[in-house]
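Novice: Each protein sequence line maps, in turn, to chains G and X.
Residue 273, in this note's numbering, is where the first sequence stops; the numbers in between run on with no holes.
Residue 1001, in this note's numbering, is where the second sequence stops; the numbers in between run on with no holes.
Hints were generated in silico from the structure; no laboratory data involved.
It is possible that some hints are incorrect.
Unchecked claim - Below, simulated EDC-like cross-link-like pairs (lysine to aspartate or glutamate); rule was C-alpha separation at most 16 Å, straight line:
id : chain 1 : residue 1 : chain 2 : residue 2
1  : X       : Lys10     : G       : Asp173
2  : G       : Lys245    : X       : Asp59
3  : G       : Lys235    : X       : Asp692
4  : G       : Lys133    : X       : Glu654
5  : X       : Lys14     : G       : Glu209
6  : G       : Lys235    : X       : Glu676
7  : X       : Lys497    : G       : Glu23
8  : X       : Lys280    : X       : Asp782
9  : X       : Lys58     : G       : Glu209
10 : G       : Lys133    : X       : Glu387
11 : G       : Lys75     : X       : Asp575
12 : G       : Lys75     : X       : Asp825
13 : X       : Lys231    : X       : Asp213
14 : G       : Lys75     : X       : Asp692
15 : G       : Lys146    : G       : Glu181
16 : X       : Lys14     : G       : Glu86
17 : X       : Lys836    : X       : Glu676
18 : X       : Lys14     : G       : Asp173
19 : X       : Lys836    : G       : Asp249
20 : X       : Lys151    : X       : Glu128
21 : G       : Lys73     : X       : Asp59
22 : X       : Lys17     : G       : Glu166
23 : X       : Lys574    : G       : Glu36
24 : X       : Lys458    : X       : Glu166
25 : G       : Lys75     : X       : Glu440
26 : X       : Lys574    : G       : Asp41
27 : G       : Lys235    : X       : Glu111
28 : X       : Lys574    : G       : Glu40
29 : X       : Lys996    : X       : Glu654
Claimed, not checked - Restraint ranges, calculated between C-beta atoms of paired labels, are given here:
id : chain 1 : residue 1 : chain 2 : residue 2 : range
30 : X       : Lys874    : G       : Glu209    : 54 to 62 Å
31 : X       : Tyr431    : G       : Gly80     : 21 to 29 Å
32 : X       : Leu572    : G       : Lys271    : 54 to 62 Å
33 : G       : Glu209    : X       : Thr581    : 46 to 54 Å
34 : G       : Asp85     : X       : Thr524    : 49 to 57 Å
35 : X       : Glu440    : G       : Glu209    : 52 to 60 Å
36 : X       : Asn828    : G       : Gly80     : 53 to 61 Å
37 : X       : Pro430    : G       : Leu89     : 37 to 45 Å
38 : X       : Glu134    : G       : Glu209    : 49 to 57 Å
Virtual Cβ for every residue (Gly too), placed ideally from N, Cα, C.
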Amino acid sequence: MVKALVITGFGINCEEEMSAAFELAGAKATIVHLNEILQEDVSIHDFDILSFPGGFSFGDDLASGKVMANKIKYKRLPSGGVLIDEIKLFLSNGHFIIGVCNGFQMLVRMGLLPNLGLQFEPQATLSNNNSAKFEDRWVKCLVNPKSKSPFLKGVSHIDLPARHGEGKLIFIDEEVKEQIEQGALNCMSYCSPDGTPTDEYPYNPNGAELNCAGLISTDGQVFGLMPHPEAFLSKYNHPNWANMKRNSDSFNEEGDGLVFFKNIVEHIQTKTT
Amino acid sequence: MNSSIQLVLKPHIKDVKGIRVQKQCLDQLGIETGAVKSSSFFLIDYPASEDAIHSYAKDCILDIVTDEVLVNEIYQSTIYKSFIAVAQLPGVTDDEGISAQMAWVDYFNKEADVNTQHIFSQKVYYFENHIPEEALQKIAVRLLGNPLINKFSIGHSDNSGIFNWEPYMPKVIMTADDTVNLINIDLSDDALVKLSKEMVLALNLQEMKAIVDHYNDPSIIADREQKGLSKQPTDCEMEILGQTWSEHCKHKEFNAIIHYKNKETGEEITINSLFKTFIKGTTSVVQSSLEENKNDWLVKVFSDNAGVVKATDDRLFVWKVETHNSPSALDPYGGAITGILGNNRDPLGTGVGGGKLLFNTNVLCFGPPSYDKPLLKGQLHPRQIMEGVVSGIEDGGNKSGVPTVNGSIVFDERYSGKPLVYCGTGALMPYDYNGKASWEKPIDHGDRILVVGGRVGKDGIHGATFSSIEIDEHSPSSAVQIGSPITQKKVSDFMVKACALGLVKCSTDNGAGGLSSSIGELATISGGAIVQLDRVPLKYAGLKPWEIFVSESQERMSLVIEQDCVEPLMNLAKDMEVELTDIGSFTNSGYLDVRFGTKQVAYLQMDFLHEGVPQKIMYAEWEKPVLKEPKLHIDNHESILKDLLGSLNICSRESIIRQYDHEVKGRTIIKPLMGERGTSPQDAAVMRFGFDSFEGVAVSNGILPRYGDIDAYEMSAGAFDEAVRQIISVGGTLPNLSANDGVFWSVNDNFCVPDSEFHPENNPDGKMKLAKLVQMCQGLYDMATYFDIPLTSGKDSMKNDFKAEGVKISVPPTILYSMTAKVNDVRNTITSDFKKAGDIVYQLGETYNELGASELYKLFGVLGANVPVVRKEKAKELYISCTNANKDRLILSSHDMSDGGLVVTLAESCIGTSLGVDIDLKGLNSQLDDATLMYAESHSRFIVSVSPENVAAFEAVMKNRAYKIGVVTQTPSLVIRSGGTTILNVAVSELEESWKNGLVL
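My request is simple: use the sequences and hints to build the entire structure.
Specialist: Right under this line is the structure:
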């Protein structure tokens, strides 16, 4: 059975729905406090997927995801190493990582995304929304058809809830931005209702460069996004579900957000069988 | 030596915080600032080399993409001419600093004390214009902070662009102090009253004398002598009595003997406790009625931190709503965030504890944001209060990962002194922990007392007593606190895990009165306790023993732990990085025994502590106000409708709602805004319990203070109906309709009233105010017992007055009903927006000649006389019919009719869709004039839409209570006809425009 590790603690708060997402996708999910990993009671190498859920780790102090990323990069494990090196090993073993919202922010601050040239250093940031406010609103996203990752298989557009105050993706320089575009690492874009990428507020809720809502690593193993697929596991999460139900004869109760989880679980299953 | 790190944004990065401050200065204060640059600043008093600070700054603090960093130097610029630096005052929560310490400890891999403050954060704003000092002060106190908790440094650059600024370090410097003083209470009556005021005990003469009598009792004197204690009480004992006997904790006015005279009817009655008669009394009647019908879901009412009902076979639903008004008047952000976090701790500490928080609600009452009267000393501007409270609720909910799913905002000038801030929390708790009932609170002699969470400081001393008196310009700033959601989240995660592991025997929250209340109350179960105050972890030295015992420092729980569970619990706490301390044990001695080392700090008889407070006697007198209906000339319906939609009590709350995360946990089914564009306003919220089933809960609120200006009974009954009908509207079912149907309802009642104790000079209309309170209680009783809807918990807040400079601003008597009800299948719930052109539109229920206190009348500046009256028999009959219609899925949209009446409801059902509606008032079959039909706010009505093929079936189920008034149209316009005459035809987009622009935040 595919095994997913869901990290929690220190203000992460979307671990239950993240766990439910993996379970509904057919995996076995285990919620683990980060300290259990840092104390080496739990090893990430016993899992196929590592997930960083959303929340407000350390209250978004210093910057969102920053203090948590710092722990992973610098805090010494009892065996002497640091967790980031274990994560590098985990990736080189071909495993997968997903980070949503605060989890995405951690991935970017740890240098796991976009990770051009495999330098594992920050090349982008997620900064204050242009509105200067936290906002909860559903957004329409376009999945970049050129992006390559098992997470994204078969998805073209998707509605998802965005819920953040620091979601504006900014790249460190033009060169990085160009490489991102060329490599189609900007795997999700905020769209207007007609489905085309936009910088117009509120369809693009934060003013992200390239209208970018999510990034994928060059090898397709690390996926991070601001909107919350794990909060759309049932169609009844959608703000317009009642209307869809009234006006459609083939109302499907499954939430669209489940697709990414199903994709990756299926991919690992096929790979291992 | 201290080090410093300053961050400023790189020039090409958009400074969104700066831009926001610039806009607020201009919009709210009329101050032109020019460009504003925001900056973060950290002062570090850990010893470290310059190199170490540099690498820490670069690796842990700096964002390499956006920031420039300055180490041990201060930003200088020739562009910016003025600055304001905002630091915390000593001892005020500084989460950013604490998180920077966590980064420090992790980065250097050092064992270090992260619980006391060594890194201090502050924010600095630089302004392009040379702004006069007075205007900078105004910006600081109105927009950037609060002098009660912040230290502002302001100034200007000199000619060479140098800011002459010495950063302020808010270090607490005090020495340990274990002084215990004796209090002389052998005093005259006047001197006793003075003593109570000086010590902020909030006790009246009668209560002070009860204390004097107790200490003069020969058996008590003998008792104390034996313990080596003086005849006089210690400071700590007086403080414990003040906390425990406070209105906040003992509800003395709700438990008073009230002599009530109704001059209208001549009726005179004596009420022995409003609480026992009307609140507990209601639930007893309801409980019998439920049990007769084998509905046994009522588990725990009024005897714990929150009400408990059975939600499913294996889960309990825990529900609590509280107010946090006084602290929110002093510091709106701090008051609201501690309000929501404090309320979250109630379900966490109900029964055994460890309830998982499911959702938050909030209902807020403010003065108008455009308030233009001169502000009194200590009074904050209503807009500043609103913005601060909203941010507090935002951070309290969002940072804890609890969705804020339902709420309401009421504006009335009488809330300009003291706002009302109601915070609600629903939680799920397992039915049992390893076979032990989760809702029970067993405590035995010998069980250990442990405290978990935040440390104790001087913040929050006298919160309970302070909230029991009116606010004036001398209110203590120590009552102000800033919550730390991250500290509490860690505690909350710990509680859930510890309880699930069976390590916790039971628990309670440390709220008002701090340890003195939490342990004082738990000790009633075992019959006593011994507390060692020297073991309580402190934020800094210098607290006297009594201060440690009564401080309300936040994010703490008190746990009852059996001896052999102490060690495993300590290990768990260490793993989860929460501080857990053993501070004593429970006994059956009959005494609350408090010590500091070997020093006896307090030794109080439990019986006297909890039963010794004398019952209050109060007087109420009702005289019906002379009111009449106005004669209005109403012709321009379009402009009236637009004005109504844009009015403060009706307009869109979207800008506020979006700041609250309403779908974290992924279980919210009906959110505050839904529909095609996600902007259609809804009635009740609906959440499912988990991912394993579609069972869930509907959540609503009812609050109608302006109706109380005409009739307090109908205000209360109407608010009750409003909350019930919202739940019916989304597809809920009344309780107890059939045997063992499992449909729980759980209601919290929250009264917020002005000082209602008669005093010839200070409160000449006190009897009338108290009479209104009595009538509100009568309304509650009549409604709840009729519908079999139980109250399970609640709170009263009695002195909501603001006094300064000889002026008193009192809130109108206000009651909020916060309702929750079981939804068997959330997939069958109903939203309020119209779904499809061609669907048939009905009004359910009847309109009466009831424009009194309506939003229409308010627009014309009149009150009127005909307040809406609840006809509960007709209401219940209609609600049952609605449920029957829903069983057959006949209703496609449903919106309850309230503020603004029919046309506002219709407009709201169109907003956010691309549809319109065409209505003929003749369908209502009424003799009333058009304006009354369009704007009256009669209760127990809905606007629903039904698909054309179901019309016959629907009408049959509704038994003449459904009035076919029109049809949903493809043309996005709201059309109202009266027979052949079109009286209104307006584009929905124009209505939406008015509705969206009513409130700017």
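Novice: Please verify whether lysine 58 of chain X and glutamate 209 of chain G have alpha carbons no more than 16 Å apart.
Specialist: 24 Å, violated
Novice: Are lysine 14 of chain X and glutamate 86 of chain G close enough, with their CA atoms no more than 16 Å apart?
Specialist: Violated, at about 36 Å.
Novice: I want to verify a distance hint. Is the separation of the beta carbons of proline 430 of chain X and leucine 89 of chain G within 37 to 45 Å?
Specialist: Holds, at about 38 Å.
Novice: Using the Cβ atoms, figure out if glutamate 440 of chain X sits within 52 to 60 Å of glutamate 209 of chain G.
Specialist: Taking Cβ atoms as reference, glutamate 440 of chain X and glutamate 209 of chain G lie about 56 Å apart, which means the hint holds.
Novice: Regarding the pair lysine 75 of chain G and aspartate 692 of chain X, is the alpha-carbon distance no greater than 16 Å?
Specialist: With a Cα-Cα distance of about 38 Å, the restraint between lysine 75 of chain G and aspartate 692 of chain X is violated, given a limit of 16 Å.
Novice: Should the hint that tyrosine 431 of chain X and glycine 80 of chain G are 21 to 29 Å apart at their CB atoms be regarded as holding?
Specialist: 46 Å, violated
Novice: Do the beta carbons of lysine 874 of chain X and glutamate 209 of chain G sit within 54 to 62 Å of each other?
Specialist: Since lysine 874 of chain X and glutamate 209 of chain G have Cβ atoms about 60 Å apart, the given range 54 to 62 Å holds.
Novice: Using the beta carbons of leucine 572 of chain X and lysine 271 of chain G, state whether their distance is inside 54 to 62 Å or not.
Specialist: 38 Å, violated
Novice: Keeping to a limit of 16 Å between CA atoms, is the pair of lysine 280 of chain X and aspartate 782 of chain X held or broken?
Specialist: At roughly 13 Å apart (the allowed maximum being 16 Å), aspartate 782 of chain X and lysine 280 of chain X satisfy the hint.
Novice: Hey, lysine 235 of chain G versus glutamate 676 of chain X, does the alpha-carbon distance stay inside 16 Å?
Specialist: Given that 16 Å is the threshold and the Cα spacing comes to 14 Å, the pair holds.
Novice: For lysine 574 of chain X and glutamate 36 of chain G, compute the direct alpha-carbon distance and say whether it is at most 16 Å.
Specialist: Satisfied, since the Cα-Cα distance of roughly 11 Å is no more than 16 Å.
Novice: Tell me if the straight-line CA distance from lysine 73 of chain G to aspartate 59 of chain X falls inside 16 Å.
Specialist: 10 Å, holds
Hint compliance for this structure: hints 2, 7, 9, 12, 14, 16, 20, 24, 25, 27, 31, 32 and 38 are broken, all remaining hints hold.
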